[in-house]
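Protein chains: 2
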Amino acid sequence: MAPGPVVRVALAQLDCVVGDIPGNAGRIEDAVERAREAGAHLVVTPELALTGYPPEDLLLKEHFLADARAALERLARACHDVVALVGFPEREVDVFNAAAVLSEGQVAGVYRKVFLPNYGVFDEQRYFRSGEVAGTFDLGPVRVGVTICEDIWESGPPASDEAAAGAALLINLSASPYHAGKGLERERMVSQRARDHLMAVAFCNLVGGQDELVFDGHSIVVDHRGELRGRAEQFKEDLLVCDVDVGAARAERLRDARLRPSAGRSPPRVQTLAVVAAELSDGSGEPGRITPPIEPPEDEIYRALTLGLHDYVVKNGFEHVVLGLSGGIDSALVACIAVDALGPEAVTVAIMPSPFSSDATQADARTLAANLGVDVLEFDIASAMAAYRGVLQEAFAGRPEDVAEENLQARIRGNLLMALSNKFRWLVLTTGNKSELSVGYSTLYGDLAGGFAVIKDVPKTVVYRLAHRRNARDGEPGPIPPTILERAPSAELRHGQRDEDSLPPYDLLDRILEGYVELDQGREQLIARGLPETEVDHAIRLVDLAEYKRRQAPPGIKITPRAFGRDRRVPITNRYGG
Amino acid sequence: MAPGPVVRVALAQLDCVVGDIPGNAGRIEDAVERAREAGAHLVVTPELALTGYPPEDLLLKEHFLADARAALERLARACHDVVALVGFPEREVDVFNAAAVLSEGQVAGVYRKVFLPNYGVFDEQRYFRSGEVAGTFDLGPVRVGVTICEDIWESGPPASDEAAAGAALLINLSASPYHAGKGLERERMVSQRARDHLMAVAFCNLVGGQDELVFDGHSIVVDHRGELRGRAEQFKEDLLVCDVDVGAARAERLRDARLRPSAGRSPPRVQTLAVVAAELSDGSGEPGRITPPIEPPEDEIYRALTLGLHDYVVKNGFEHVVLGLSGGIDSALVACIAVDALGPEAVTVAIMPSPFSSDATQADARTLAANLGVDVLEFDIASAMAAYRGVLQEAFAGRPEDVAEENLQARIRGNLLMALSNKFRWLVLTTGNKSELSVGYSTLYGDLAGGFAVIKDVPKTVVYRLAHRRNARDGEPGPIPPTILERAPSAELRHGQRDEDSLPPYDLLDRILEGYVELDQGREQLIARGLPETEVDHAIRLVDLAEYKRRQAPPGIKITPRAFGRDRRVPITNRYGG
Numbered sequence: 000m001a002p003g004p005v006v007r008v009a010l011a012q013l014d015c016v017v018g019d020i021p022g023n024a025g026r027i028e029d030a031v032e033r034a035r036e037a038g039a040h041l042v043v044t045p046e047l048a049l050t051g052y053p054p055e056d057l058l059l060k061e062h063f064l065a066d067a068r069a070a071l072e073r074l075a076r077a078c079h080d081v082v083a084l085v086g087f088p089e090r091e092v093d094v095f096n097a098a099a100v101l102s103e104g105q106v107a108g109v110y111r112k113v114f115l116p117n118y119g120v121f122d123e124q125r126y127f128r129s130g131e132v133a134g135t136f137d138l139g140p141v142r143v144g145v146t147i148c149e150d151i152w153e154s155g156p157p158a159s160d161e162a163a164a165g166a167a168l169l170i171n172l173s174a175s176p177y178h179a180g181k182g183l184e185r186e187r188m189v190s191q192r193a194r195d196h197l198m199a200v201a202f203c204n205l206v207g208g209q210d211e212l213v214f215d216g217h218s219i220v221v222d223h224r225g226e227l228r229g230r231a232e233q234f235k236e237d238l239l240v241c242d243v244d245v246g247a248a249r250a251e252r253l254r255d256a257r258l259r260p261s262a263g264r265s266p267p268r269v270q271t272l273a274v275v276a277a278e279l280s281d282g283s284g285e286p287g288r289i290t291p292p293i294e295p296p297e298d299e300i301y302r303a304l305t306l307g308l309h310d311y312v313v314k315n316g317f318e319h320v321v322l323g324l325s326g327g328i329d330s331a332l333v334a335c336i337a338v339d340a341l342g343p344e345a346v347t348v349a350i351m352p353s354p355f356s357s358d359a360t361q362a363d364a365r366t367l368a369a370n371l372g373v374d375v376l377e378f379d380i381a382s383a384m385a386a387y388r389g390v391l392q393e394a395f396a397g398r399p400e401d402v403a404e405e406n407l408q409a410r411i412r413g414n415l416l417m418a419l420s421n422k423f424r425w426l427v428l429t430t431g432n433k434s435e436l437s438v439g440y441s442t443l444y445g446d447l448a449g450g451f452a453v454i455k456d457v458p459k460t461v462v463y464r465l466a467h468r469r470n471a472r473d474g475e476p477g478p479i480p481p482t483i484l485e486r487a488p489s490a491e492l493r494h495g496q497r498d499e500d501s502l503p504p505y506d507l508l509d510r511i512l513e514g515y516v517e518l519d520q521g522r523e524q525l526i527a528r529g530l531p532e533t534e535v536d537h538a539i540r541l542v543d544l545a546e547y548k549r550r551q552a553p554p555g556i557k558i559t560p561r562a563f564g565r566d567r568r569v570p571i572t573n574r575y576g577g
Numbered sequence: 000m001a002p003g004p005v006v007r008v009a010l011a012q013l014d015c016v017v018g019d020i021p022g023n024a025g026r027i028e029d030a031v032e033r034a035r036e037a038g039a040h041l042v043v044t045p046e047l048a049l050t051g052y053p054p055e056d057l058l059l060k061e062h063f064l065a066d067a068r069a070a071l072e073r074l075a076r077a078c079h080d081v082v083a084l085v086g087f088p089e090r091e092v093d094v095f096n097a098a099a100v101l102s103e104g105q106v107a108g109v110y111r112k113v114f115l116p117n118y119g120v121f122d123e124q125r126y127f128r129s130g131e132v133a134g135t136f137d138l139g140p141v142r143v144g145v146t147i148c149e150d151i152w153e154s155g156p157p158a159s160d161e162a163a164a165g166a167a168l169l170i171n172l173s174a175s176p177y178h179a180g181k182g183l184e185r186e187r188m189v190s191q192r193a194r195d196h197l198m199a200v201a202f203c204n205l206v207g208g209q210d211e212l213v214f215d216g217h218s219i220v221v222d223h224r225g226e227l228r229g230r231a232e233q234f235k236e237d238l239l240v241c242d243v244d245v246g247a248a249r250a251e252r253l254r255d256a257r258l259r260p261s262a263g264r265s266p267p268r269v270q271t272l273a274v275v276a277a278e279l280s281d282g283s284g285e286p287g288r289i290t291p292p293i294e295p296p297e298d299e300i301y302r303a304l305t306l307g308l309h310d311y312v313v314k315n316g317f318e319h320v321v322l323g324l325s326g327g328i329d330s331a332l333v334a335c336i337a338v339d340a341l342g343p344e345a346v347t348v349a350i351m352p353s354p355f356s357s358d359a360t361q362a363d364a365r366t367l368a369a370n371l372g373v374d375v376l377e378f379d380i381a382s383a384m385a386a387y388r389g390v391l392q393e394a395f396a397g398r399p400e401d402v403a404e405e406n407l408q409a410r411i412r413g414n415l416l417m418a419l420s421n422k423f424r425w426l427v428l429t430t431g432n433k434s435e436l437s438v439g440y441s442t443l444y445g446d447l448a449g450g451f452a453v454i455k456d457v458p459k460t461v462v463y464r465l466a467h468r469r470n471a472r473d474g475e476p477g478p479i480p481p482t483i484l485e486r487a488p489s490a491e492l493r494h495g496q497r498d499e500d501s502l503p504p505y506d507l508l509d510r511i512l513e514g515y516v517e518l519d520q521g522r523e524q525l526i527a528r529g530l531p532e533t534e535v536d537h538a539i540r541l542v543d544l545a546e547y548k549r550r551q552a553p554p555g556i557k558i559t560p561r562a563f564g565r566d567r568r569v570p571i572t573n574r575y576g577g
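Residue numbers (numbering that gives the first Met the number 0), protein chains in the order written: chain W, 0 to 577; chain Y, 0 to 577.
None of these hints come from the bench; they were simulated from the model.
Keep in mind that a hint or two might mislead.
The list cannot tell twin chains apart, which means a pair is met if one copy fits it or any two copies do.
[To be verified] For lysine to aspartate or glutamate, the following DMTMM-like pairs were computed, each having C-alpha atoms within a straight-line distance of at most 25 Å:
| hint | residue 1 | residue 2 |
| --- | --- | --- |
| 1 | Lys548 | Glu400 |
| 2 | Lys548 | Asp536 |
| 3 | Lys60 | Glu123 |
| 4 | Lys60 | Glu91 |
| 5 | Lys60 | Asp19 |
| 6 | Lys548 | Asp19 |
| 7 | Lys60 | Glu546 |
| 8 | Lys548 | Asp66 |
| 9 | Lys181 | Glu251 |
| 10 | Lys422 | Glu400 |
| 11 | Lys422 | Glu186 |
| 12 | Lys60 | Asp519 |
Everything numeric in this text was worked out from a predicted model, so none of it was measured.
Work out the full structure: start from the sequences and follow the hints.
Encoded structure:
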């Protein structure tokens, strides 16, 4: 291989806060300073780092865009002796999702994102106009291509045009949200893109929780052969410094026929963003740190939930959370996540038995709380139940007890938690899982009452896996009493109630739900997959009917390829069954 | 003017139900039959009439698209002796928002919408690819241009290309949602478009409620000079039949230099969708019926609310609604709307006094219920308040009473209404207005608990106007006791409470909110408009803080240019103030 030149890249994997322009500018400035101290030539932030991602309709406010621009100019003035690529919303003839090249005190150039995702959780075409052309800048003798997030998921332009224009290093600023396994998907894609164009790639992703999304970081640098040169932390802020040997890429590209100009290929459309003086060294450079990926998958999901909860609590100014502990597995898992995210001193649990609560579940709840070291409040709800019964006696005369009385219990518990929230300014965590929320096996304003729904996107079967793994994780008996892991699930709203009296068994239900909710499979396809017709029809009907409940459910953390919320937008008024 | 030919157009202003493909096909087939009986040459449905609008993520299901196609083919087989333009989602290489030309048993051609709105409540770029080219079809000797909704809001292509290609009549299939005054805005635009191109325009809009949207109908036909030739009903289904004298348009176009081919203009890009035989008569034809617009504006808004509520209730299969009547103006207005939408026998009101409820408000609530002829249930909530006080005594020991105790009262009422809903399958209507919801002056799971929020987009000052007008409407004393109209607003959650102790006066607050919420004006702009700084800062802070409540609020009817919900997408976690 030819020696050098070597570009030292620093990926500033930051936890930016939406709307906090001064705070984000400070985070970026600090990272730029640390990158300079580490001898980096180039420091890269995530997409829209200056505003946080996604800023949503803040982007419709002209004063917000002006504030972002002013902060960018201030930041530029702090950039000397290192080039910074900073994500920001550019307000020109329209609004663009942009990356500024900051160099020697100036905004030296601006790249505009070409591919604007408008599917899943993304609404970028609501806000932005597409950039129309690829962009490179020259860092001393090295040409660097710039892309933003979705741009690099395409094998053609802008990346191919930048390669054809001579870029040997491709930069990507991303805000790519997490779902289980997404990090390794992204690594494969980035590596493929490097091999497509024989360019090294430096991919910088956002990290942190923002409402329903978690950004997992997991930024990487790969060389022109797609080999990993550096991997940042998952689920935490990081500054990954890594040398890229541009000479090796150049030498190999000269030998590759694909990259030679040919008659059949249209000339690349590329703008030059900036030309920046830089003194690069020769040699092959130092590889970056390669942080091992979090394994097994349960630990990765658990870390996503922990970060998502932590950031929602902290970024919204709360210092304490409260949740109801039933003695069941869902609330047990949420309690563990809350303690791991915030510490036991920031968590209070409420045990709220009714006459239908068994001694065993209450005992388990107390044991779990003691194991976790959290404060416990106990409320017997029998007197409140009796009060409602009295108030409603005449209106309900002659009617058998049914779901109305069951839901009242759940709502009394919801009211008590909200009273604690109002009195002490605690955030209420709800404890429902995705399987329940899918089929509406939950009480609106009851167990659905709260500010944040930690495991709303976690199917029941995955709840079990996470709980078992959490208990086994530290190699000693975990906090969750084994009876909680083993008992058949019950809402305990009437005597002898069991979830599976009303619902298909969870392992079957979760397979139906994955097909119906996440993959848009219809009745016929599900049955063709071998799923039983009766349960398929039952589950589909329940999912469709429960849309009105989900519309009023609190936000919670997306961990699957399709979560409820903005990821899945279905009408409430809807006569299509399936 | 030259005589004829005359095209008789029928606008099938239908109330289509989202997802109800067989039902919508039946509605269309019935309208086609009635149009044929009326001697129409051409019958036009609203945009996406076959699936209802907006079908949202149903469009991601391949089986849904296949079902729509099959229904379209069946519908085509029923079309003889009249041409039908039917809106449907076309699944080809991608998905298009399309209009089929049905003629002589066939799908003779398909036009694809060019402009896909992706702002406000619209997400069309999530689902559809843009059509790339204008489209006309020949109806005997007359060339007809086709557009879908947003296409006609642009003065250039596709409409200008269709005019340049010789179209003398422009068709538009719309699903244009209502806000106050939108109907007349649309009339002005359609009339302008006719004058732009010297084409007659037949504009067919959807009617009916769909979750948060109301489509107001108000379909029109204008001649090539922009003069109104026919106007359908607002807020109800209609079939508007109207003759269009194409000869007059042609004669005038020959004299107009703007429409002559010139060297400077690029040739129109137009595809011919179909050529259909038709025997048209000569003469100037019969103008259509011109339904007078609903006036004053309060009546128009009231009708929108009535239709929106009616359709939400009926399309979701409910037969009865319940709401809490406090003796205040908001619940009084909602009760009137419910009775006007559904009839008094379908409405129950609950009067739920606490020790803080005055005799006067309770008496007013009873009088109103009697005037409206609705069933009344009364629940004294003091015993339930006492029960909660007992349960929470120890946890709250030493703390002063505050919003926690106030909210418990609202939540007890919410629970009682939901218990009635669960027991009797009644839909709970909430009664909060937009001003309250903006600043969070409402209790989550309390007065915000319910299935449909009828006046959630109605500012408090407009609530007063609607209530006064409802009372005056019939020329005799209205149902709302005058004391309800005159009393200072109070939540009655503590002694002597008045809204204006916590909030700016509503006339001032509503002006701030219109600027901040609907117009994206920031603090500086609001103050520059002369609004007082203290109240501006107070209101902005409250609006930003209340986002988490709005996220869990029930759906309700959009009547302003920007409603909460999908119309205004702001993050909960958001440190940008203003």
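A quick look at each hint next to the structure:
| no. | hint | result |
| --- | --- | --- |
| 1 | Lys548 <-> Glu400 | within (22 Å within a copy, 32 Å between copies) |
| 2 | Lys548 <-> Asp536 | within (20 Å within a copy, 34 Å between copies) |
| 3 | Lys60 <-> Glu123 | both (15 Å within a copy, 22 Å between copies) |
| 4 | Lys60 <-> Glu91 | within (14 Å within a copy, 38 Å between copies) |
| 5 | Lys60 <-> Asp19 | within (15 Å within a copy, 38 Å between copies) |
| 6 | Lys548 <-> Asp19 | between (32 Å within a copy, 21 Å between copies) |
| 7 | Lys60 <-> Glu546 | between (32 Å within a copy, 17 Å between copies) |
| 8 | Lys548 <-> Asp66 | neither (38 Å within a copy, 27 Å between copies) |
| 9 | Lys181 <-> Glu251 | neither (30 Å within a copy, 63 Å between copies) |
| 10 | Lys422 <-> Glu400 | between (33 Å within a copy, 9 Å between copies) |
| 11 | Lys422 <-> Glu186 | neither (47 Å within a copy, 53 Å between copies) |
| 12 | Lys60 <-> Asp519 | between (36 Å within a copy, 5 Å between copies) |
Of the hints listed earlier, those the structure fails to meet are numbers 8, 9, 11, in rising order.
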